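Student: Model the full structure from these sequences, guided by the hints.
Heads up, the final residue of the sequence shown is numbered 405 in numbering that gives the first Met the number 0, and it's a clean run with no missing numbers.
Bear in mind the hints are in silico, worked out from the structure with no lab data behind them. Where hints are given, some of them may not hold.
[What the hints assert, rightly or not] With a straight-line Cα cutoff of 20 Å, these simulated EDC-like cross-link-like pairs (lysine to aspartate or glutamate) come out: (1) LYS303 - ASP246; (2) LYS252 - GLU208; (3) LYS274 - ASP197; (4) LYS274 - GLU233; (5) LYS252 - GLU277; (6) LYS391 - GLU83; (7) LYS391 - ASP375; (8) LYS252 - ASP210; (9) LYS334 - GLU376.
[What the hints assert, rightly or not] Restraint-style ranges between C-beta atoms, simulated for each label pair: (10) LYS334 - GLU83: 36 to 46 Å; (11) LEU142 - THR75: 26 to 36 Å; (12) SER291 - ASP87: 40 to 50 Å; (13) ILE232 - HIS205: 24 to 34 Å; (14) ASP356 - GLU147: 45 to 55 Å; (15) ASN398 - SER291: 37 to 47 Å; (16) GLU277 - ARG40: 41 to 51 Å; (17) ARG40 - ASN398: 30 to 40 Å.
Bear in mind that the values here come from a model prediction, so they are computed numbers and not experimental data. For each residue, glycine too, the CB sits at the ideal point set by N, CA and C.
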Amino acid sequence: MASTDCNNENDALEDDPLTEDLLPTSNITFDKDKHVMYFKRCMAYLPEPYTNNDTNRMTLAFFGLGGLDLLNMIETIYSAEQREQWIDWIYAQQILPDKDNPGKLLNTLLRSNVPRLKFQSLRPWLELNRHICGFRGSPFSGLPYSREGCRESRFPFDAAHLAMTYTALCSLLILGDDFSRIDRGAIINGLTYLQKDDGSFTQTYHGMESDMRFLYCACAISYMLKDFSGINIEKCVDYIRRSQGYDYGIGQKPGLESHGGSTYCAISALSLLNKIDEGLISKDRTIFWLLSRQVSGFQGRANKPEDTCYSFWIGASLKPSFDLKILGAFDYIDKEANRLFLSTTQGRQGGFSKWPDLIPDIMHAYMGIAGLSLMDEPGMSTLDCALNISRKARQNLENSVFWQGD
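Tutor: Printed below as a string of structure tokens:
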């Protein structure tokens, strides 16, 4: 979800003779052990070109944890103590309500019948930093580490980020956490500050970007927290309808070119909202647009080269997601052709790159694994398409998170 500048990494690494063994191979054999070691290395340390993505560290961690989870190796690679350390680090990035501003009162008012005008007049007195609550991407601001999270209202620009909150929740589920330290009310309330009048969401309270990526994150967060009171669902659906193009693909915004990533975000958001039929102008024509993106692998837009990550973005848009309603047309793709393309972007030492002859990066490594999972690669966990987590992690949400019984 967050912008990760993986192409810059390739520019920096390709001239290094020490990285020769990392380059992709056309061998169609999928070597699980090499991919496990790739993710394990990435989770221990990342090369210098990733430095400019430090604010997105939560998302990078999700790619590593998610990759190991789809490979069914989380509990093998990390002991219970190590998994708990990861959980503590994630919670340390949670921005909590200020100490003088407990969450329960405002959450109660949000759910009550207090008139909206009166509520808005009370709001400034009830919140100090509640507009920035959620998860940040990393401890880049230099605040002291606390496994319980941060309550520092005097750092107004150290704000939660929608993509980081989404990937934090996904990572906690992957690690087997029960969300017991989540301030559910603060996160849901924080969403109310991020939705714009057109239905889209900005990534942070002070953010300038607003598009389909962050609308999806808001819907996924609401679904995982089992509370949609922080978003206007009708505006979300309307924004998605208006973002559909003449070709029935979906762009990041109304009037923009149809794109595989934004089409996935829109379809999955509608699935989580249970609004597929209301949100798509023509389901069959959207399916046709998605299926037309296959060359050997998948492209993200018409007349663009194939790219590893679209094996996930396009594939997950087409495949059913357990109890959630997605398009259900995955069987129409050419799985062997896509598998062959992925073999050309598979690194000799594990991982996947964007295109053949580039160095693997952690985002495309995860997307390549996710694409293979969609095609039922032996030894892999099944992917829940709408939330982009494994079936096991999804079951943890259903069975272990205490408020699922609310």
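Student: A separate judgement is required for each hint: does it hold in the structure or not?
Tutor: Results for each hint:
A C-alpha spacing of about 16 Å is found between LYS303 and ASP246, which places the hinted pair at or below 20 Å, so the restraint holds. Only pairs whose Cα atoms come within 20 Å are accepted, and LYS252 paired with GLU208 is accepted, the gap being roughly 11 Å. Distance hint between LYS274 and ASP197 is fulfilled; the C-alpha atoms sit about 18 Å from each other, no more than 20 Å. Distance check on the hinted pair: LYS274 and GLU233 sit about 10 Å apart at the alpha-carbon level, within 20 Å; holds.
Taking the CA atoms of LYS252 and GLU277, the gap is near 18 Å; set against the 20 Å cutoff, the hint holds. Of the supplied pair hints, the one linking LYS391 and GLU83 holds, its CA atoms being roughly 18 Å apart against a limit of 20 Å. Taken as a hint, the LYS391 and ASP375 pair is honoured in the structure, with Cα atoms around 15 Å apart against an allowance of 20 Å. With a C-alpha separation of about 6 Å, the suggested pairing of LYS252 with ASP210 holds against the 20 Å cut-off.
Using a Cα cut-off of 20 Å, the hinted pair LYS334 and GLU376 holds, with the two alpha carbons roughly 11 Å apart. The hinted window of 36 to 46 Å between LYS334 and GLU83 holds, with their beta carbons roughly 38 Å apart. Between LEU142 and THR75 the CB atoms are about 34 Å apart, so this pair conforms to the stated range of 26 to 36 Å. Remark: the range hint 40 to 50 Å for SER291 to ASP87 is upheld by a beta-carbon distance near 46 Å.
A hinted range of 24 to 34 Å for the beta carbons of ILE232 and HIS205 is consistent with their spacing of about 25 Å. Taking the beta carbon of each, ASP356 and GLU147 are about 46 Å apart, inside 45 to 55 Å as hinted. Roughly 39 Å separates the CB atoms of ASN398 and SER291, a value that falls within the hinted 37 to 47 Å. With their beta carbons about 45 Å apart, GLU277 and ARG40 fall inside the hinted range of 41 to 51 Å.
ARG40 and ASN398 have their C-beta atoms about 32 Å apart, which keeps the hinted 30 to 40 Å range intact.
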